[in-house]
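Given only the sequences and the hints, what does the whole structure look like? Please build it.
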Amino acid sequence: MIPGAFNYHRPASVAEAVGLLAEFGDDGRALAGGHSLIPMMKLRLAMPANLVDLAGIADLKGVRSDGNAVVIGAMTTQHDLIGSDLLATKIPILRETSLVIADPQVRYLGTVGGNVANGDPGNDMPAVMMCLGATYHVAGKEGERRLPARQFYQGAYITALKTGEVLTAVRIPVPTAGHGYAYEKLKRKVGDYATAAAAVVLTFKGGKVEDCSIGLTNVADTPLWAEEAARILIGSSLDAPIIKRAVAAAEAITSPASDARGPAAYRTKMAGVMLARALTRAKSRAGA
Amino acid sequence: MNDMTPTSAERAAKLEGMGCKRKRVEDIRFVQGKGSYVDDLKLPGMLFGDFTRSPHGHARVKKIDTTKAAAVPGVVAVITAETLKTVNLAWMPTLAGDTQMVLADGKVLFQNQEVAFVIAEDRYIAADAADLVEVEYEPLAVNVDPLKAMSDGAPMIREDLKDKTEGAHGKRKHYNHIFSWQSGDKAATDSAFAKADVTIKEMIVYPRVHPCPLETCQCVASFDKVKGELTLWGTFQAPHVIRTVGSLISKIPEHKIHVIAPDIGGGFGNKVGAYPGYICSIVASIVTGRPVKWVEDRIENLSTTAFARDFYMDIEIAATKDGKVTGLRCYTIADHGAFDACASATKWPAGLFSIISGSYDFPAAHVLVDGVYTNKAPGGVAYRCSFRVTEAAYCIERAMDVMAQKLGMDQAEFRMKNLIRREQFPYTSAFGWQYDSGDYQTALKKAMETVGYTKLRDEQKAKREAFKRGETRELMGIGVAFFTEIVGAGPSRACDILGIAMFDSAEIRIHPTGSGICRLGTKSQGQGHETTYAQIIATELGIPADSITVEEGNTDTAPYGLGTYGSRSTPVSGAATAMACRKIKAKAQMIAAFMLEVHDDDLEWDVDRFRVKGNPERFKTMTELAWAAYHQVPPGMEPGLEAINYYDPPNFTYPFGAYICVVDVDVDTGMTKVRRFYALDDCGTRINPMIIEGQIHGGLTEAFGIAMGQEIHYDDEGNVTTASFMDYFLPTAVETPRWETDWTTTPSPHHPIGAKGVGESPNVGGVPCFSNAINDAFAFLGSTHIQMPHDHWRTWMAAEKLGLHA
Amino acid sequence: MAKSQVGMKVNGKVVEALVEPRMLLVHFLRDQLNITGPHIGCETSHCGACTVDLDGKSVKSCTMFAVQANGSDIRTIEGMANADGTLHALQEGFREMHGLQCGFCTPGMIMRAYRLLQENKNPTEEKIRYGISGNLCRCTGYQNIVRAIQFAAAKINGVPFREAAE
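Residue numbers (our numbering), protein chains in the order written: chain B, 1 to 288; chain R, 1 to 806; chain C, 1 to 166.
Worth flagging that the hints you see were computed from the coordinates, not collected in a lab.
Glycine is no exception: its CB is placed at the ideal position from the N, C-alpha and C atoms.
Heads up, some of the hints might be wrong.
What follows is a list of derived Cβ distance ranges for each label pair [stated by the list, open to error]: (1) K201/R / K127/C: 44 to 52 angstroms; (2) A252/B / V734/R: 51 to 59 angstroms; (3) A156/B / R675/R: 33 to 41 angstroms; (4) P253/R / Q118/C: 50 to 58 angstroms; (5) K3/C / R675/R: 41 to 49 angstroms.
The following block contains the structure:
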């Protein structure tokens, strides 16, 4: 219940934050919404000597258009994301996903940056970002880097972020207007991590799938981009047999943990079921 | 013409007596955040205690080094078993006749067992220091499987009992054996089975769960060195028992111990017994000379305090081929964890499990229960269980479904055929329980008609055909449960807690201006006693409920009682309240007769007054009589207007209910949607229908959690894997179904106001109703029994086993 | 570690204090300011008993450090009654509809319901249940809590509250 002691810092700019994080190295952690980090600190699973609170950095908030992309500041809360008309219109899968993350209180403070950057395989946004082909803007002592989401996740709590770096924004190319989408999440109750979840974004042309991208949540020690499963669907009309093949390809890349949500074999099957249901829903939304 | 005189009915309504939906008195402070819970209490100089706990499920403790912890600035003391031994408190007696380590004494027997207690200036420092106590363990082989506990070579859990072949309840047949208990007629039962046309046998497991009230267990102990007196505030459902037991084990005289249970944030049986936290806080206060507060966190609560259930029940039913039950037998293994700390009446190591013949007329029955030790947290009786009635009801209700299935009969029809008939009451069961009253057939019929049972079965038939044709991937299930509860512990001939008979009490004092105060030996943790006891008094004495203050929980002022659990408050203290009222009323009648210059027998009672028979304009109200009691009583009579009653119930009470639910199971995910849940409860006289409904909603929600996902799970290494809200399934408002409540009223003939108690009924009946529904969904495919909990993955596995995913 | 100076408004009153950075907001409110309405029911940020209204947001005060709340405007259950001492519609509704039993979840539940009704003046039952999904209750089964919130919404909106048939 009681966290360990730490020094608290509240920088006013990204540069200042980066300076502090570089100085502290492994003895420092960035604090965003705090709803992943603080619970871990209360259980003493994390005991950083320094917390660098990003809440005071105005540059990290906000959702804006940038050409064919939308850029979401890392400190944008789930609540802000849900309320963004820009995102609801351009990239509706984000709101659909956000609404099944945690609960209302957590969404008021939990940030997009925190959800994508900490490497927790249970978080929902990472698979969606992989599905969308997002890019993460990262700031460090050496300057800014841009890291594709699809290459960001390396293991449970292991990402391409180097010590001293902080995620500043997420850039998402806007999917084609009229695209179909769905985030289908099986969970034991509201607020739970996924037993398995699937993110689908696709477009139809002439009754056939033109583009398709699939992300899977919490069925491996990282979020998964099911590239092969999506490739199988290109050019199809999403009939039952082709969905079955895509499901098999998706199941093949999963390696879920066995936990209270179920044994690994069950969770793999559920990834498949969620994918099939997401594809059906995405198809109906694409008006195909 | 302009007569503004209120009628009797109007006067009665104003009293807000029994039967009305009186708004709760407690709410006024709770909705303003002005409740006084234990952790709200601040005393000058107060210290905080926190535990160092074992990471191992079974290990020797070779060494405990408290130096680093003691050196943390702000740490005042660190207590270990060695400290407690100096005051003979390293072990404490349990309510079940066992002993329990307060702090690890050479061994730890379950994960998170208490090893050291750190006392510091604030809770933050205490937490830091608790992490710095260094303990050297030598891990031992673990056993968390009760079915293996009595096998050859099973790890010995209780070395302290190594040479004890006799336990508190008789002979021990193995070093991990606690007790054997049986009831019923074995010979008659075996004979019934030998002759039976049809029998079923099923292993029904009720997994280990935990009551999990929202407020954890906590206390503040304050020992006054000058007076030699201990004051102990705490989350105590039975404050007087804590005082007596506290006195016996600490040797502080009972009159110098003041136990106060303030507002409690839910109990559900989790807060009946004494925990190491209480004992260590008391000792710490004595040692430091300052008040000591202990507040456990949620993981500590779920993994170390009174768990519930963990019963492995091998049940058999015998019946004739046209569906009349003839015999019941059940062999149960009860997992009590490392210490038998279960809160049950002394003579009943398996509680009231022999209610297992339930609502049915079994001519012959027998049960045998073996309790065993494992490397798990201690306890057993808790969670709205009425002393193992939840286990018994779940077992019989599932087994009746299994038998109905074998006979090819509908579950409701099979029950109707075997329900105890109205004419048979008072009914003596094959186990010797005398059920007080009931009209079961009426209740079941009402339930079936209200939900449209026949139509639902038709719909189910059609849906099953559709499933077979591949048109739907959903299976519809209809769950039926008809339970009989046994509550109101209890008659002194049968029930005692460590020798104290299980009566309860009410002390009522009416003031000169006509209002009054009532103090009782029970203790609400949300059941609304401040509201409902006043309603009883209002009806009995004609004093408005709003004019009665109800108090519980302070052992200095409340008359002795055994506390609130097992739905006993209404049956026992509710009866005491009525009886005390009647003493007061009798005295008031004599005063009225004196004032009106008539004979006592010339008076009749009218809502709130005594009036002269045949001359109703001559009356005295209770308000006038109250004043008179202090002003001028008849010669020879003591002034004042008060009474106390200690009620020793002549019998238990037997609430019952008919529950029916409809579910739709998604075969491809294992997810179950509850379409409808109808609960008809009969608790006899209904004191406050609003509060009854609230109790049913709450108990059904607990039942839903239990049936659909709760489990305190241990892996083979003794790690408890579901001890936080990450995994212990507490449904939110989204998962929780809507509840439909209904009732019949069959008063208890032996209870002064005919009331039976109701708090636990929904947990008793709810769990089998849900479980029967999910089982029913798959039954047409040949499945007989799917174990709880019915979480997604287990339900999916059941579907997988039946080949439904091919 | 060195203590930090914090200042915030709590229930309309400005407070200044010195706190360890690791002091959780809920402990600051309860132990240092004696505002014991917000309760603690878990340590994993699930139960919501500690919910307060902070700068227009429902916040679990157990998952925030007091230093993070520096400069903020906080309302707890103690700040819900009207200036003349009469109860807020939600407090009244919880009593009218029997939306509480042990009272432990109630302060957090009411504070969350307060913000919910700010977000949505007239939520459906489904939206209410979803809206309070961050608050656990062990006593009521939520059904009467939903009715309590519906009662309050009707009162705040100045429309009659129609009870579902008994």
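Consistency of the hints with the structure:
1. K201/R / K127/C: 44 to 52 angstroms: 49 angstroms, holds
2. A252/B / V734/R: 51 to 59 angstroms: 33 angstroms, violated
3. A156/B / R675/R: 33 to 41 angstroms: 39 angstroms, holds
4. P253/R / Q118/C: 50 to 58 angstroms: 57 angstroms, holds
5. K3/C / R675/R: 41 to 49 angstroms: 56 angstroms, violated
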